[in-house]
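Peer 1: Next come the chains, spelled out residue by residue.
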Amino acid sequence: MTLWFILALMTVAAVFAVLWPLGRAPGAPREGSETAIYKDQLGEIERDLAAGLIGAGEAEAARTEVSRRLLAAADASPVAAAAPQRGLRRAVAVAALIGLPFVSGALYLKLGTPGLPAFPLAERAQAPAATESLDRLVMQVEARLEKNPNDGRGWEVLAPVLMRLGRYPDAIKALRNSIATNGPTATRHADLGEAILMGANGVVTAEAKAEFEHALALDADEIKARYFLGLAAEQDGRTREAAGIWRAMLAKAPDDAPWRPLLQRALARVEGVAAPSEEQIAAAGASDAERGEKVRGMVERLATRLRQDGSDVDGWLRLVRAYMVMGDRDKALASVKDARAALTQDAGRLRQLNEGLKGLGIDG
Amino acid sequence: MMPEAGHYALVLALVLALVQAVVPIIGARRRDPALMNVAASTASAQFMFALISFGALTASHMVSDFSVANVFENSHSLKPMLYKITGVWGNHEGSMMLWVFILALFGALVAVFGGNLPATLRANVLAAQAWIAAAFYLFILTTSNPFLRIANPPVEGRDLNPVLQDIGLALHPPLLYLGYVGFSISFSFAVAALIEGRIDAAWARWVRPWTLVAWIFLTLGIAMGSYWAYYELGWGGWWFWDPVENASLMPWLSGTALLHSALVMEKRNALKIWTILLAILTFSLSLLGTFLVRSGVLTSVHAFATDPARGVFILAILIFFIGGGFALYAWRAGSLKQGGLFAPVSREGALVLNNLLLTTACATVFVGTLYPLALEALAADKISVGAPFFNLTFGPLFVPLLIAVPFGPLLAWKRGDLLGASQRLIAAGLLALAGVALVMAWSWGGPALAPFGVGLAIFVIVGAVSDLVERCGLIRKPALALKRARGLPASTWGTAFAHAGLGLTLLGIVCETTWSDERIATMRAGDQTMVGGYSVRLDGFAQRHGPNYREVTAQFAVARNGAAIGVMEPSKRNFVTRGSATTEAALMTRGFSQLYISLGDLSADGTIAVRLYHKPLVLLIWLGTVVMVFGGGLSLMDRRLRVGAPRPARSAKALQPAE
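Top line first, the protein sequences correspond to chains P and D. Counting with the working numbering, you get residues 1 to 364 for the letters of the first sequence. Counting with the working numbering, you get residues 365 to 1023 for the letters of the second sequence.
Just chain P, same shape as in the assembly:
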């Protein structure tokens, strides 16, 4: 309501600005004239002459010239007498009274957003706590840290939240700051490596690897770092090395370690399709049927996992390859279809899948 009141007030002021001069008594207008200036120029010549800035001859010539202009200007003035135009004034007044509010109102309604109130930051900060989202809380912590970047605890708390929100670049920054202020520990370097890896869509980049190695240098038993170095080996194609790392971890792991299943899955993954590992060579001694059973078991586990989470392109490729190796072409083609269905939302990964399939000799 107040907005409309203010807009109306401004409109009235604008209309008044046009009407006011029209309504005033047609007295002699306040105006300057050329004659005043020429008279002053004459005065200036006298001053310059008196100050010795110009000679008498020069002054005389200039005086003649200015006087001639003065006379011309004085002659011209009376011709231009004021001529009040009552009809015209009335027309302008009416146009201002009706046209001005109409035009400005129409233009504003077309361009403006009168229904939207202002939203200053200070007002929003006082909004009830119930409406405050996680984003908002994170923002406040970030704002505080911005002003006080040496608050190590703040960075330490912020980093995992950012990771969970998927803001990996910010998480990387927070972890770096945490390391800088709190000092390096194996856990922090491992977390940093993980953040870098997540930021790179799950690829263990050289940078991430360096962080994991750093972590292991500080604590050779850092679980996360070791696991991811295994992953790095797998991604580099050194599956045997990956399996070795993970197996060693499993051997040392306490029975109730929550990450045991993860490791077992990872191990199954690399061993399912990898070039024969020691275990498989050992298994070669067993009967074909036994070995086949074992391999089928691993492949089934992989298939189950992919049914739950279909975003792993490499997993799908591995599965398809496994079926091909096992001579089960139908199942291979069926899982290609499943893979396409699972990845249909993600153009990048779909392309990745198709390229991989081409490599396997299945239509791209």
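Hints were generated in silico from the structure; no laboratory data involved. Just so you know, not all the hints are guaranteed correct.
Residues from chain D shown here face chain P by an in silico Cβ test under 7 Å; the list is partial [as the list claims (entries may be wrong)]:
1. Met366
2. Pro367
3. Leu376
4. Val383
5. Arg393
6. Asp396
7. Asn401
8. Asp429
9. Ser441
10. Asn516
11. Pro517
12. His909
13. Gly910
14. Arg914
Simulated pairs of lysine to any residue, SDA-like, Cα-Cα distance not exceeding 20 Å [unchecked claim]:
15. Lys173(P) <-> Asp530(D)
16. Lys147(P) <-> Arg522(D)
17. Lys147(P) <-> Lys778(D)
18. Lys701(D) <-> Asp255(P)
19. Lys847(D) <-> Leu53(P)
20. Lys173(P) <-> Asn938(D)
21. Lys147(P) <-> Ser441(D)
22. Lys841(D) <-> Leu53(P)
23. Lys147(P) <-> Asn912(D)
24. Lys147(P) <-> Thr946(D)
25. Lys173(P) <-> Arg937(D)
26. Lys147(P) <-> Pro538(D)
27. Lys778(D) <-> Ala206(P)
28. Lys778(D) <-> Gly52(P)
29. Lys173(P) <-> Val916(D)
30. Lys701(D) <-> Leu71(P)
31. Lys147(P) <-> Arg937(D)
32. Lys110(P) <-> Arg937(D)
33. Lys778(D) <-> Val203(P)
Glycine included, each C-beta is placed from N, C-alpha and C at the ideal position.
With chain P held as given, fit chain D onto it using these hints.
Peer 2: Same frame as chain P, but now just chain D:
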């Protein structure tokens, strides 16, 4: 509520500008005083609404109202308050708002202080001004509206580019715009004169103070921009012949020419048509400059691709005002009466020479700036016209101009005495020759032209001083000198200061470009290097943090001849929000010279790339412009620029000889 009130105020300003663009012209033709007076009241009201609108935008920036798209895109709640405010014009939409705000301000000034103008002239000037204003309001509202809103405002803004978070750049655009927009008044005066078909010496006197004000601000703006580039960009250069810089230099050159030709017109009623042309030209170049900087006529090829509406609108504005101005000129100039005659050697002659050289210089800059653009747009070829082109064309034009500068004020109007003027400049000439000889002896085997540059600078400075000495009669009648000095018109002092400032700037430029010493070194803590006779030792590094950045500073201990004279601390700043960095050079001032250290990359092994410069007399470049501006200010205070105000007492007094 506030952004919407600002938005509506902008709409009202547009509508009032439309009224102001039409009614007073009709009034002036029909000689109706009331209709003519509509110009003054609407101009004042229009300014009020522009003020409300600009104020509302600024307030939205100050309270970080991210429901305004412009604030969201260019601000951040953590930014220091100063940069929240300056961020208003750190972007396209906001800078256009500043432009129209200043335009409305000048319009209101003419309305309020234009009482000494004939009523028809004032009405026509304000109407022409309103045409410009209306075009810009329309441009803002339709293509660059800063009051567009976001229904679900985001929690945080995107922040202003850190490079722009600097006090130099905060002040640079308003000064530059005051200059650009100030020339719109000269333009409006020219258009009004063409419409009335009448122009005379009085017109020149009316238009001169406005031109002078614009010139003062433009000079300051250019100097400020140049100094900012010098200390912020970290390359130690102060002028790059960059299109954006050239865009501001062109109106300065033609504006300077306009100032001088208006003088001839005022005194002698000559050069009238030329002055009108210069007024139109200067504002055209200002318009071009505004758009070159802001929305890229420069990058027009790309601007059209990204935002065709804006590009087309800009082109339309340029065509309408520049084309319209020149068309009106071509149509009406023939009807103007030519004025007084003068001999080639005279004050007028000198001023014509000044005009010729300045406009030619302006033309070379124009060609050098726009030719590559035209070529790129038409033939898709990319060429770059760099400093060598400008140094080879601009330099030779300025040398004769500078030689002529001291002669101008010494020549009489109408018919001058070159020999007499030369005699009075003998002292300046001798001092200049002595300067050349001294510098040559000191830098034997060095650059051949530099001593002559120094000599020319001395000639200009001493020439300006000797003009004053001559006028005060310091040598002929020393006893009376003080009294006479006080009696001299302020504009005489202004001329002398402005010309001397020019000389100072030249001296700075010559010394800096010739004897600047540069070292690029890779240093680690404890390393020492020499630059310009100073020994500089890197002591170590320190980490700090400011309100919205962190920085690494390096401490350098500076010593001369073994005696420590101070510590310099250049730094590299990291702005966290935008994840970008700036370089803060460290400057140490020794007299008018400066030591300059700027940091490069810090490598892992603890070494850092460092650029060190010793720049002799570099401060004179900007000191000279300040002196020029001071001269302009003195000239503005001259009593004759105030004359004509309708106060009978004063006009009566003006009739009396002063002494």
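Peer 1: All hints, please: hold or fail.
Peer 2: Evaluated hints:
Taken as an interface hint, methionine 366(D) checks out: its beta carbon lies about 5 Å from the nearest beta carbon of chain P, inside 7 Å. A least Cβ separation of about 6 Å between proline 367(D) and chain P falls short of the 7 Å threshold, and the interface hint therefore holds. Taking 7 Å as the C-beta contact cut-off toward chain P, the hint placing leucine 376(D) at the interface holds, the least distance being around 5 Å. For valine 383(D), the suggested interface contact is upheld, since its CB lies about 6 Å from the closest CB of chain P, less than 7 Å.
Taking 7 Å as the C-beta cut-off, the interface hint given for arginine 393(D) is violated, the closest approach to chain P being about 10 Å. Satisfaction of the interface hint for aspartate 396(D) is found here, the shortest Cβ-Cβ separation to chain P being roughly 4 Å, below the 7 Å cut-off. A least Cβ separation of about 4 Å between asparagine 401(D) and chain P falls short of the 7 Å threshold, and the interface hint therefore holds. Interface hint status for aspartate 429(D): upheld, as the beta-carbon distance to the closest one in chain P is roughly 5 Å, under 7 Å.
A distance limit of 7 Å between C-beta atoms decides the matter here; for serine 441(D) the minimum to chain P is near 5 Å, and the interface restraint holds. The criterion of a C-beta within 7 Å of any C-beta in chain P is not met by asparagine 516(D), whose closest approach is roughly 10 Å, and the hint is violated. For the restraint placing proline 517(D) at the interface with chain P, the shortest Cβ-Cβ distance is roughly 5 Å, inside the 7 Å limit, so the hint holds. Checking histidine 909(D) against chain P by beta carbon gives a least distance of about 5 Å; that is within 7 Å, so the hint holds.
Interface hint at glycine 910(D): violated, since its Cβ lies 10 Å from the closest Cβ of chain P, which is beyond the 7 Å cut-off. With a cut of 7 Å, the hint placing arginine 914(D) at the interface with chain P holds, because the nearest CB-to-CB distance is about 6 Å. Of the supplied pair hints, the one linking lysine 173(P) and aspartate 530(D) is violated, its CA atoms being roughly 25 Å apart against a limit of 20 Å. Of the supplied pair hints, the one linking lysine 147(P) and arginine 522(D) holds, its CA atoms being roughly 17 Å apart against a limit of 20 Å.
Straight-line distance between C-alpha atoms of lysine 147(P) and lysine 778(D) comes to about 69 Å, which puts the hinted pair past the 20 Å bound. Distance restraint check for lysine 701(D) and aspartate 255(P): the Cα-Cα separation of roughly 107 Å exceeds the 20 Å cut-off, and the hinted pair is therefore not satisfied. For the suggested pair lysine 847(D) and leucine 53(P), the alpha carbons sit about 14 Å apart, so the restraint of at most 20 Å is met. Taken as a hint, the lysine 173(P) and asparagine 938(D) pair is honoured in the structure, with Cα atoms around 12 Å apart against an allowance of 20 Å.
With a CA separation close to 12 Å, the supplied pair lysine 147(P) and serine 441(D) stays within the 20 Å bound. The suggested pairing of lysine 841(D) with leucine 53(P) holds, with an alpha-carbon distance near 14 Å, which does not exceed 20 Å. Pair hint lysine 147(P) plus asparagine 912(D) holds up; C-alpha atoms about 7 Å apart against a cutoff of 20 Å. Between lysine 147(P) and threonine 946(D) the CA atoms are separated by roughly 18 Å; this keeps the pair inside 20 Å, and the hint holds.
Only pairs whose Cα atoms come within 20 Å are accepted, and lysine 173(P) paired with arginine 937(D) is accepted, the gap being roughly 16 Å. Distance restraint check for lysine 147(P) and proline 538(D): the Cα-Cα separation of roughly 30 Å exceeds the 20 Å cut-off, and the hinted pair is therefore not satisfied. Distance hint between lysine 778(D) and alanine 206(P) is unfulfilled; the C-alpha atoms sit about 82 Å from each other, more than 20 Å. Distance restraint check for lysine 778(D) and glycine 52(P): the Cα-Cα separation of roughly 18 Å lies within the 20 Å cut-off, and the hinted pair is therefore satisfied.
This hinted pair checks out: lysine 173(P) and valine 916(D) have alpha carbons roughly 17 Å apart, not beyond 20 Å. For a cut-off of 20 Å, the pair hint linking lysine 701(D) to leucine 71(P) stands: about 16 Å separates their Cα positions. Among the hinted pairs, lysine 147(P) with arginine 937(D) is consistent with the structure: their alpha-carbon atoms are about 15 Å apart, no more than 20 Å. Between lysine 110(P) and arginine 937(D) the CA atoms are separated by roughly 45 Å; this puts the pair beyond 20 Å, and the hint is violated.
Between the alpha carbons of lysine 778(D) and valine 203(P) the distance comes to roughly 84 Å, so the proposed pair goes past 20 Å and is violated.
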